[in-house]
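> Protein chains in written order, with our numbering: chain W, 1014 to 1216; chain Y, 52 to 159.
These are calculated hints, taken from the structure and not from any lab test. The beta carbon of each residue, even a glycine, is placed where N, CA and C say it ideally should be. Hints are not guaranteed to be accurate.
[Claimed, not checked] Beta-carbon label-pair distances, calculated as ranges: (1) Leu100(Y) - Gln1177(W): 20 to 28 Å; (2) Gly1136(W) - Asp103(Y): 40 to 48 Å; (3) Ala1064(W) - Gly155(Y): 39 to 47 Å; (4) Ile1137(W) - Val104(Y): 21 to 29 Å; (5) Gly88(Y) - Leu1053(W): 17 to 25 Å; (6) Glu78(Y) - Ile1106(W): 43 to 51 Å; (7) Leu85(Y) - Gly1103(W): 17 to 25 Å; (8) Ile99(Y) - Arg1202(W): 31 to 39 Å; (9) Thr1054(W) - Leu85(Y): 15 to 23 Å; (10) Ala1064(W) - Thr152(Y): 37 to 45 Å; (11) Pro102(Y) - Arg1215(W): 16 to 24 Å.
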Amino acid sequence: MGEKRSLLSIFSNRCVSSFRLVDNHGSQHLICFRTKRTILTSMITSFLQIAFAAVCCWVLFITIDIIWALPREGGVVGADAIAAAVEKAGGDIRGGTMMGNIVSSPDASAGTLLAACGVYCFGIPGGLVATVLVYIGNRICYDPGYAGTTGCFLATFMVYLGTQGGIPAEFFIAGMVIAILTIQGISHRHSSRLLGAIWRLRK
Amino acid sequence: MSEFSLFHVLEELSGPFSSPLITPPAESAELATLLCGVIALYSVIRIILEPDVMRKLPFLNVFSFSISGIIALMIPHPLGVIAAAAYFIGSTFESNAIASTWAGGVEE
């Protein structure tokens, strides 16, 4: 018998090959011979790329949401209730309305995230598939679907240009999560005031 | 006989995690996944600490963003984007339902 591999080892190898989180236990040199860069400098470069992608995603989805006038009125009753809760906590009513609309329907931020996922998995066709899915999700959530569809369509090409320019698509996914964190996840009072100020600037 | 055993056949088969369309995630994808996971944990802590129910929902939105990002990053397959989109749309619809119900529903 030449090979004595068990069924379990084949399956475990297969699983490990697609989820290898830790695979350089001292086997990797600290300085790359080809590019003369250390692991530290390449990590700093990665974080700078993620920050750049986050700024791009932030500007894109705020611009498209403001253009399609999400802060004007709540699309459903729940969006108005979230706006009232944010205002009660010391925030701005227009910014709170926009935050409620983001929560209760897939808008341009969801479009940007799913476009980045689509480009990461399947290239530009994946982004277009994500656009169709965002439109279906908008219709499910009782929304006309202009902001989400436009955002997903434009973000597909933004992410594709980013991958051509050296920023991989997975950094755009992380960047979009960071961008939504700054709006929805840190301080509702300050972020709603910021959104309200941008909305008054547009008017 | 041992050259053509069951193991060789199994190695050639494609499964949901071993199709030829899947390349193993790169290290940059692992960094992005780690970042999404940290943000998901942070948003869960904020959800637990927030007393107002309506203001829990934006943190829940951040959580579902992170999880759908992790789904797409861990399944680099054309169907991974459909899985991520289905999860995200479903969680948004649930947030919509929770918010509208808590606000008193639609008045006739």
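> For Glu78(Y) and Ile1106(W), compare the CB-CB distance with the range 43 to 51 Å and indicate the outcome.
Taking Cβ atoms as reference, Glu78(Y) and Ile1106(W) lie about 45 Å apart, which means the hint holds.
> Please check whether Leu85(Y) and Gly1103(W) have a Cβ separation lying inside 17 to 25 Å.
violated (34 Å)
> Is 17 to 25 Å right for how far apart the beta carbons of Gly88(Y) and Leu1053(W) are?
Holds - the Cβ-Cβ distance for Gly88(Y) and Leu1053(W), about 22 Å, lies within 17 to 25 Å.
> Do Thr1054(W) and Leu85(Y) keep their Cβ atoms within the hinted range of 15 to 23 Å?
Taking Cβ atoms as reference, Thr1054(W) and Leu85(Y) lie about 19 Å apart, which means the hint holds.
> Using the beta carbons of Leu100(Y) and Gln1177(W), state whether their distance is inside 20 to 28 Å or not.
violated (42 Å)
> For the pair Pro102(Y) and Arg1215(W), does the Cβ-Cβ distance stay inside 16 to 24 Å?
Violated: the Cβ-Cβ distance is about 33 Å, outside 16 to 24 Å.
> Quick one: are Ala1064(W) and Thr152(Y) within 37 to 45 Å, going by C-beta?
Check passed, 39 Å falls within 37 to 45 Å.
> Would you say the C-beta atoms of Gly1136(W) and Asp103(Y) sit inside 40 to 48 Å of each other?
Taking Cβ atoms as reference, Gly1136(W) and Asp103(Y) lie about 42 Å apart, which means the hint holds.
> Quick check: does the Cβ-Cβ distance between Ala1064(W) and Gly155(Y) fall within 39 to 47 Å?
42 Å Cβ-Cβ, so the 39 to 47 Å window holds.
> Note whether the CB distance of Ile1137(W) and Val104(Y) lies within 21 to 29 Å or breaks it.
violated (41 Å)
> I want to verify a distance hint. Is the separation of the beta carbons of Ile99(Y) and Arg1202(W) within 31 to 39 Å?
Since the Cβ atoms of Ile99(Y) and Arg1202(W) sit about 20 Å apart, the hinted range of 31 to 39 Å is violated.
In the structure shown, a violation is registered for the earlier hints numbered 1, 4, 7, 8, 11, in ascending order.
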